[in-house]
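Novice: Read off the chains here:
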Amino acid sequence: MSFLERIAPPEIISTNGHLIDSLFMYTTVMATIFFIFVCLGLFGFSYKYSAKRNKKVDYTYGNRKKQLKATLLIGILVFVVIDLTITYRSNNDMIAEFWNFPKADEDITRIEVLAQQWMWNFRHAGADGEFNTADDVLSNHDLHIPVGKKVEFRITSKDVIHSLFFPNARIKVDAMPGRISRLWFEPTKTGVYDIACAEMCGTHHYKMQAKLHVHSPEDYAAWKAEAEQLAIIGNDTENIDNYWGWQWETSGKEDLAKNSENDESVVMKENN
Amino acid sequence: MTYAHGKHAAPTTFLSKYVFSYDHKVIGKQFLWYGIFFLGIGGMMALLIRWTLAFPGEAFPVLGPLLFPYTDGVVPPDTYSMLFTLHGTIMIFFAITPILIGAFGNYCIPLMIGARDMAFPLFNMLSFHIAVISGVLLLASLFTPMGGAAGGWTSYPTLSTLVGSPGSGQTLWCLSIFVLGVSSTMGAVNYITTVICFRAPGMGYFDMPLTIWGLWLTAILNAIFLPVLGAGVMLLTFDRVFGTTFFLAGAAATSGSGDPILFQHVFWIFGHPEVYILILPAWGMVSDFLSFFARKPAFGAKATALSMTTITILSTLVYGHHMFTTQMSPLLTQTFMTLTMTISIPSAILFANWLGTLYKGSIRFDSPMLFSLGVVFVFGLGGLTGLYLGTVSTDLYLHDTYFVVGHFHYTMAASVLLGGFAGTYFWFPKMFGRMMDEKLAKIHFWITMIGLNGVFMGMMVVGFAGMHRRLYNPFVYEFLEKLIPINKFITYSALLMGVGQLPFVWNFVYSLYKGKKAPQNPWEVGTLEWTIPSPPIHYNFEEIPTVKCGPHEFGNPNLKDGRDFQYQTEELV
Amino acid sequence: MQKISTQDMKHPKEIAFTILMVSWVMLFASLFLSYALLRFKETNWPPMGFESVSLLWPWVSTISILLSSYFLHAFSKFYDLKNIKKANKNLVITFLLGLVFLVSQKMLWSHMNEVGLVVSSGIFSSILHGFTWVHAAHIVMGLIGLCFLRKFYNNFGDESFQLRIKHVSHFWHFLDIVWILMFLTMFLF
Chain A
0 MSFLERIAPP EIISTNGHLI DSLFMYTTVM ATIFFIFVCL GLFGFSYKYS
50 AKRNKKVDYT YGNRKKQLKA TLLIGILVFV VIDLTITYRS NNDMIAEFWN
100 FPKADEDITR IEVLAQQWMW NFRHAGADGE FNTADDVLSN HDLHIPVGKK
150 VEFRITSKDV IHSLFFPNAR IKVDAMPGRI SRLWFEPTKT GVYDIACAEM
200 CGTHHYKMQA KLHVHSPEDY AAWKAEAEQL AIIGNDTENI DNYWGWQWET
250 SGKEDLAKNS ENDESVVMKE NN
Chain B
0 MTYAHGKHAA PTTFLSKYVF SYDHKVIGKQ FLWYGIFFLG IGGMMALLIR
50 WTLAFPGEAF PVLGPLLFPY TDGVVPPDTY SMLFTLHGTI MIFFAITPIL
100 IGAFGNYCIP LMIGARDMAF PLFNMLSFHI AVISGVLLLA SLFTPMGGAA
150 GGWTSYPTLS TLVGSPGSGQ TLWCLSIFVL GVSSTMGAVN YITTVICFRA
200 PGMGYFDMPL TIWGLWLTAI LNAIFLPVLG AGVMLLTFDR VFGTTFFLAG
250 AAATSGSGDP ILFQHVFWIF GHPEVYILIL PAWGMVSDFL SFFARKPAFG
300 AKATALSMTT ITILSTLVYG HHMFTTQMSP LLTQTFMTLT MTISIPSAIL
350 FANWLGTLYK GSIRFDSPML FSLGVVFVFG LGGLTGLYLG TVSTDLYLHD
400 TYFVVGHFHY TMAASVLLGG FAGTYFWFPK MFGRMMDEKL AKIHFWITMI
450 GLNGVFMGMM VVGFAGMHRR LYNPFVYEFL EKLIPINKFI TYSALLMGVG
500 QLPFVWNFVY SLYKGKKAPQ NPWEVGTLEW TIPSPPIHYN FEEIPTVKCG
550 PHEFGNPNLK DGRDFQYQTE ELV
Chain C
0 MQKISTQDMK HPKEIAFTIL MVSWVMLFAS LFLSYALLRF KETNWPPMGF
50 ESVSLLWPWV STISILLSSY FLHAFSKFYD LKNIKKANKN LVITFLLGLV
100 FLVSQKMLWS HMNEVGLVVS SGIFSSILHG FTWVHAAHIV MGLIGLCFLR
150 KFYNNFGDES FQLRIKHVSH FWHFLDIVWI LMFLTMFLF
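As they're listed, the protein sequences go chains A, B and C.
When you number the first sequence by numbering that gives the first Met the number 0, it's gap-free, plus one each residue, and the end is 271.
When you number the second sequence by numbering that gives the first Met the number 0, it's gap-free, plus one each residue, and the end is 572.
When you number the third sequence by numbering that gives the first Met the number 0, it's gap-free, plus one each residue, and the end is 188.
It cannot be assumed that every hint is accurate.
[To be verified] Taking lysine to aspartate or glutamate and the EDC-like style, the derived pairs with C-alpha atoms no more than 16 angstroms apart in a straight line are:
#, chain 1, residue 1, chain 2, residue 2
1, B, Lys359, A, Glu4
2, C, Lys165, C, Glu13
3, C, Lys2, C, Glu158
4, B, Lys481, A, Glu4
5, A, Lys55, B, Asp563
[To be verified] Here are a few chain B residues that face chain C, going by a calculated C-beta distance under 7 angstroms:
#, residue
6, Ile223
7, Val240
8, Phe478
In case anyone wonders, no lab produced these hints; they're calculated from the structure.
Even for Gly, the Cβ is constructed at its ideal location relative to N, Cα and C.
Please take these sequences and the hints and turn them into a complete structure.
Specialist: As structure tokens, this is what we get:
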């Protein structure tokens, strides 16, 4: 394995992951250019104006008009060429892609995620399309999604703060107790990939991994049919641990709070 | 610049001279020893962490079996969490803060502004004693039944509440930080007052050396923002000890609807200024040293001071970029991103001024200068890599990866460490009246420089490859397995850097007793501390000096007597 | 410490006290910020079906600390007039009112415990208990500060004692204001 292959980030499997990589590369190029200037000054002046070569110094405080202008110009140049550009690009990317969550009526895969020490729980709505019913497909450690279709995650945590990280999609979001956070991407490639917890969550934080299985639509349909069947047969209605889900519509934290007061769902249920 | 202490007799007994001393010079040295002690502990912890990352499951050589007898010398996972938690805490609060702010602040402020002592010597002594109590509390937490704090130095709830970390280790951690906050606030009150009231007659704010500017701004940030951290850890202590639910939410909080994110807000309102609290003294020193050793007035000294002030103010407005992944509202996120980016204007001006100082100078490469140039280099890298993390979309990927670790080590560890070494080499003659060995200092510089760039550059590389932080064994993830060789390289670099500190320790201890006697002004610099003997007499200045020119008067063509600098007490020729 | 030039400048102790006050303001500001964030997160306040607490003891606290501020102010006025007797009376009343404040806080805590708002019963009682503790701890510091003023009759016209009176009373008035803010935001509304 060559060095460059070794340090390459994981393969991109989402429609918008390349935006992050390309912004990363732009920033790298600009930062390198400026850093080269700094190094030229640092090493060049150190060489040229060392005490051995240069005895007579230029007695200046650097407060002549010309010098002040030059300094200010450098500051503004950096700001415009690097900062404003990447802020602008990043902002566009966020608004057009990462914050542009699928609409309620779009045909997407919806998944609820519950993080706990040290495990990822995933919940598919099952045949009736409603969450938190007896036919929900529950899985932990393994997440199955179809390729070529947007997936939206609603994420919360049972105990401490975790962070759902898809290295191959270049995105992550924190899973916070008492809040529901959201994340979406659209997989473009089938295969098995890693899901990580990126936020320190205790001693076995490093073991808190899951696998992302991206299936072709046919495989996914087959998997889902089987899983739904198994869920209906195997779902123990007495097992309260199976009812950690919530209504998909309750997305914001206010709704979650209301929810917990009215029909004692999320928070209360987990207590029992 | 209206007040001065009178002359007072030096204490005679051992206790009043070395333990309960009011003398700022002694307190500065106390802080120096305290900081170096913790720097050693924190450094050893870093090596244990690095060893675990490069050789997971292998026994740490030599020391391992002694420290972890139950696992045959392998660092166990829970201990690993404690190690990186305490490594961070110790390095930030117990090594850098005491050395850069406690030691240099106490030692240099009165000497460089022409005062006989700090404004409130008693307060100053108490500040050190409280810091000692805080250090004892922290070390004591290691010996509690369930071990020390293990929630990361950021101690995010709910991991840091009883939900995630039972036992008294984390509680002691909170208390220790609170007590240290009290100590630092007392120090800060002292520094600010001293600079305002005790400058020598004739010394305006812009006649102060930039070191003092850095220390002064640091003290201001400390006084304003440490109470915020104090409030945060106090509420966390309440949660842990009295059962309040400020930071508890979700299923684990049986009775609460508090908010764990609240702690993150409070923590980073303090935490981001803290970054600048650590780096500002180093910036100040570097700005001075570049001018001192380039034998040329500091380029745009006023602009440098004002840039540092601007950064101080901006640093209070940008803390949200630590919390992008908590999904704040888009408006807040955009605001924090834009504000973060504006910091690069004053930073770029700082760099322009530093390079402007070197331009057409006559540079002497003594050890303080080498370390200062090193700071410019590593801070350039550290500052530029900050761009990726202030940008929301790249932060989505890089947040909580080793890229972040590499970035903040470049800014907070590498720059500050090199700045601290520069200061140590520079003021050692004044502190102890003896010179340190130049040759060993240069060896120390080059090994440290190679080592730390290997470590932190390596961290950024593995971070870009997706390796996230605080993993006991990252290689349980398939996509990280290929990074084992690079992690080994980082660990070897860290070992090299560790070994590179041996010449420094030897040099320091040897020079303390056997070093060449230092002349009054070995570096030929004109600031006030060099107008008095090395080491200074008990009350520093026989007569309070009158300042007649700036601190960076070098290479004035009107100077006739063979000198290329003039003292601040002399009329500008 | 001596003055070495005629330039008019605030005494170092005044500057130091100002900085300390900034620190304290930041401490309480962080608490109020936390309170605001926690409160606006909830749709109903008090949350989780709790009743607001009875205002009896908070009113007693408010009146006692307001009066104590008034008497402390009177004390420093009579100190300036060198009226030992009246100054002494005002200082003692201030101190006693401070004690009344502490007692009323203690009664408030007992009352809350009686009605089921114990410390660990959720965010509402956490805030009421936690923040009043912090404030009461500072009142204790203020009372200790007041003790340092008791020898005022030996120190008429002494600059550093005048500063001491000024700083203790500023600190006391500051705690007064903080309590009023807490009373308004946490108990009344």
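Novice: Are Lys2 of chain C and Glu158 of chain C close enough, with their CA atoms no more than 16 angstroms apart?
Specialist: 13 angstroms, holds
Novice: Mind checking the alpha carbons of Lys55 of chain A and Asp563 of chain B for me, to see if they're no more than 16 angstroms apart?
Specialist: At roughly 10 angstroms apart (the allowed maximum being 16 angstroms), Asp563 of chain B and Lys55 of chain A satisfy the hint.
Novice: Keeping to a limit of 16 angstroms between CA atoms, is the pair of Lys165 of chain C and Glu13 of chain C held or broken?
Specialist: Holds, at roughly 9 angstroms.
Novice: Under the criterion that the straight-line Cα-Cα distance not exceed 16 angstroms, is the pair Lys481 of chain B, Glu4 of chain A satisfied?
Specialist: 9 angstroms, holds
Novice: Tell me if Ile223 of chain B is really an interface residue toward chain C, meaning its C-beta lies closer than 7 angstroms to one of theirs.
Specialist: Holds, about 6 angstroms.
Novice: Under 7 angstroms is the threshold here; is the Cβ of Val240 of chain B close enough to any Cβ of chain C for the hint to stand?
Specialist: It is violated, given that the least Cβ distance between Val240 of chain B and chain C is near 10 angstroms, above 7 angstroms.
Novice: Measure nothing beyond the straight line between the CA atoms of Lys359 of chain B and Glu4 of chain A; if it is 16 angstroms or shorter, mark the hint as holding.
Specialist: It is violated: about 44 angstroms lies between the C-alpha atoms, which goes past 16 angstroms.
Novice: Can Phe478 of chain B be said to touch chain C, with a Cβ gap under 7 angstroms?
Specialist: It is violated, given that the least Cβ distance between Phe478 of chain B and chain C is near 37 angstroms, above 7 angstroms.
Going down the numbered hints, you'll see the structure goes against 1, 7 and 8, while the others check out.
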